[in-house]
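The lines below spell out each chain.
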Amino acid sequence: MNTNLKISNVTKIYPGCVANDNVSLEFNSGKIYALLGENGAGKSTLVKILSGVIIPDEGKIYLNENNLELNSPSDAKKNDIGMVFQHFNLFETLSVFENLIIDSDEERESLREKIDSIMRKYNFSIDLDIPVLNLSAGQKQKVEIIRCLIRNPKVLIMDEPTSVLTEQETSELFLSLKKFSEEGILIIYITHKLKEVMQLCDEVAVMRRGKLVSVSEIKNENIESLANKMVGQNLKTIKKKKVKTSSDQLIKITNLNFTSEDPFETNLMDINFSVNRGECLGIAGISGNGQSELFQVLSGEILSDKNSIEFYKNYIGDLNPQERREYLMAFSPEDRLEQAAIPQMKIFENVALNNFKSSNFFNNGLINENKIKEHSKKIISDFNVNTDNIDLKSQFLSGGNLQKLIIGRELITSPDLLICFNPTWGLDVGAINYIHETLIKINEQNKSIILISTDTDELLKLSDKISVIHKGRLSKIMDSDEVTSEKLGILMGGGN
Amino acid sequence: MIIDINFVGLIIVSIMASAVPLILASCGELITERSGVLNLGVEGMMIIGAISGFALMTVTGSLIIAVFGAMLAGVLISTIFAFLTQTLITNHVATGLALTIFGIGISAMIGKNFVGIPGKEFPVLFEGLKDTIPLLSPILFGHSIVFYFAFALPFITSYFLKKTKIGLIVRAVGDSPESASNQGINVRFVRYACILYGGAMCGLAGAYLSMIYTPQWIENMTGGRGWIALALVVFSTWNPIKILIGAMIFGGLTIIQFHMQAIGVRIPVQFLTALPYIVTIIVLVVISRDSRKIRLSTPSSLGKSFHKDN
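Chains as they are written, first to last, in our numbering: chain A, 340 to 835; chain B, 8 to 317.
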């Protein structure tokens, strides 16, 4: 049966911000729709309205001509609208089966059979009796999808589903989504990743600042045209000018090993590489292959053998992050709100955390607030952080602004080496462009970068040399002109 | 030395009897904590139950009214806690502490008129079977209904949490109130219900103390048992069956304390009183060695307030 979902003149206003401004859209089953927009464009608000989490100020939703009253998530469920949230709505300590049975009225036995048949049909394999916290992100998402499928939904909404997935898991997800679509489920796919829209969807609706700016068929669009619609201006394409880098060696890693006690961490085996001044070394890999351990070893969160890390003629393997910063190293960890900044603390307080002997942030144990605030203001203006309130708690900054603040905090001391881990993860196109430009600029100033990233395009764009990490081992270091994304893909999968 | 078999039986029975209020209060608090609410008011709710039970028994003369009245009193005082923490979103720890102080104070005030009044005899079950089997039958038979209920409660609680839909919902709310709310579960309602249930069990535990265990009213007669019950929940790693074991150990420590004093063994009383807490800390240290285990057993949202957006 054909499903028709109509959003009619929906408006949602928050104090100081119009999240959805008179949005009207129509969807029909048989197609996969993309809802595209930058962070804060209003797409999440719109789908939360569709799933009953948020109640709109004005406007109506029609499913097959019936006006829906969506006042709670259970109303959406009753009306056959299924939603997979960006942040999983799973109970980590409960078993997979308990997670699935909790919102179902069916008997345990019949539900188990139903789940088994869904899993067989779509080739999912998940142990139903282990706690959810033992699952990978991809498996957790499958649990969420199964939870929707149990109810035979007419509409399935996916909110930024690939932000936590590996490339392998992403392509599996796309296959499943196409299958669902063929079976008549209407799919709405929310993302800010243009490549995915081109790969997966049939039609695309673009939102910007709460307004719907365009609806078009994918075959009439390309990545550039969509990016321009999304950002609302012509984006300049960034290309790094390849210059002959110096042979002045800055950091050298020799026979670095790390053996973890935690079975969920990856051991690092025999890591060797060096980076020259003005050079960017990219480290590619599927997440969970030792990147986070490598970052921690390089930043000093995990200490290693003194002689394994040589930084400009000093052996620093046994120094902690603070001591390494004194040697002009800087770090931008993967998790912005957990590792790089403290969400409940104000912007200037977070700036003060990166404290040097020379920074004079503290006098005789007292906080020199004026000095720190002055310094913070400089970071905010130099690095284009879109706020003028340094008393704002960091958790209220958008991902892009927070990343700019962190990169700014690290770079304002003009370090010789910046080590960053997935610096553009989850950011929108505008912010990604800005971060990329910044990284290129510091290379041009003869400073070095170690860029650990799961985004292959980013690595090819920014790196001078590239290596691939797989199961805690580093491949040989290649010149980035010689590698293609296909070759990286093979190495990332463990091939030769 | 010949050990008198009756004496051994007596010790075991007295340990079990002292474990009863701990089991009742802990099993109640366990349900509250499994839903993510940390109610430190156990001691206060118990003492309110104790005075309410004793006062109602004295005034009405009815044991049934007294027992259920004590439970109702526990429910009422826990309603204050539920309203403050769930509706007005106050801090769990501060509110719970206040509840205990409030309970001790108000029970002393009400209790003024009941000091020195003798209690009533509480009927026991299966008294006729008490002499049938040596050692075993004194342990099994001739106890109050509350005693039997207490020893069944951990198993009922375990079954409830593991096997029933409502138990699953309680655990889900304690694991992630946000996800539960997005699944259409009314988090506030579930937490209210769990807090009120905890209050009822603490009230019953208090009534057991003032009506059955030592049938009289003495000011502050719970004597820290509420705190031991709280420690017991942690000790058990939120597992009802382990509460039974823990209550026997902690109850045993209290009894041994008496006997040691009687025999004249010179271990400071203060040390024995502190033992349950020391044991709890040791258990905490041992389980926190395994971060996965502690994540799996601790309700993730314990003590955290939940605001629903919009």
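Hints were generated in silico from the structure; no laboratory data involved.
There may be inaccurate statements among the hints.
[Unchecked claim] Pairs of lysine-lysine residues, derived as BS3-like cross-links and limited to a Cα-Cα distance of at most 25 Å, are as follows:
(1) A:534 <-> A:518
(2) A:685 <-> B:311
(3) B:172 <-> A:453
(4) A:685 <-> A:710
(5) B:172 <-> A:417
(6) A:370 <-> A:558
(7) A:580 <-> A:780
(8) A:345 <-> A:591
(9) A:810 <-> A:591
(10) A:370 <-> A:416
(11) A:685 <-> A:717
(12) A:652 <-> A:518
(13) A:345 <-> A:417
(14) B:249 <-> A:416
(15) B:169 <-> A:453
(16) A:558 <-> A:518
(17) A:518 <-> A:460
(18) A:493 <-> A:416
(19) B:249 <-> B:172
(20) B:119 <-> A:732
(21) B:170 <-> A:453
So, going through the hints one by one against the coordinates:
1. A:534 <-> A:518: Answer holds: residue 534 of chain A to residue 518 of chain A is near 20 Å, not above 25 Å.
2. A:685 <-> B:311: Holds, because 22 Å separates the two Cα atoms, which is no more than 25 Å.
3. B:172 <-> A:453: OK: residue 172 of chain B and residue 453 of chain A at ~18 Å, within 25 Å.
4. A:685 <-> A:710: The given pair, whose Cα atoms are some 15 Å apart, holds under the 25 Å limit.
5. B:172 <-> A:417: 20 Å, holds
6. A:370 <-> A:558: Status holds; Cα separation ~13 Å.
7. A:580 <-> A:780: Since the Cα atoms of residue 580 of chain A and residue 780 of chain A sit roughly 10 Å apart, the hinted pair holds (cutoff 25 Å).
8. A:345 <-> A:591: This hinted pair is violated, its Cα atoms lying about 59 Å apart.
9. A:810 <-> A:591: 21 Å, holds
10. A:370 <-> A:416: 21 Å, holds
11. A:685 <-> A:717: Holds - the C-alpha atoms of residue 717 of chain A and residue 685 of chain A are around 16 Å apart, at most 25 Å.
12. A:652 <-> A:518: 57 Å, violated
13. A:345 <-> A:417: 17 Å, holds
14. B:249 <-> A:416: 39 Å, violated
15. B:169 <-> A:453: 22 Å, holds
16. A:558 <-> A:518: Within the cut-off at roughly 20 Å; holds.
17. A:518 <-> A:460: 10 Å, holds
18. A:493 <-> A:416: 10 Å, holds
19. B:249 <-> B:172: Roughly 22 Å separates the two Cα atoms, so the pair holds.
20. B:119 <-> A:732: Not OK: residue 119 of chain B and residue 732 of chain A at ~52 Å, beyond 25 Å, violated.
21. B:170 <-> A:453: 20 Å, holds
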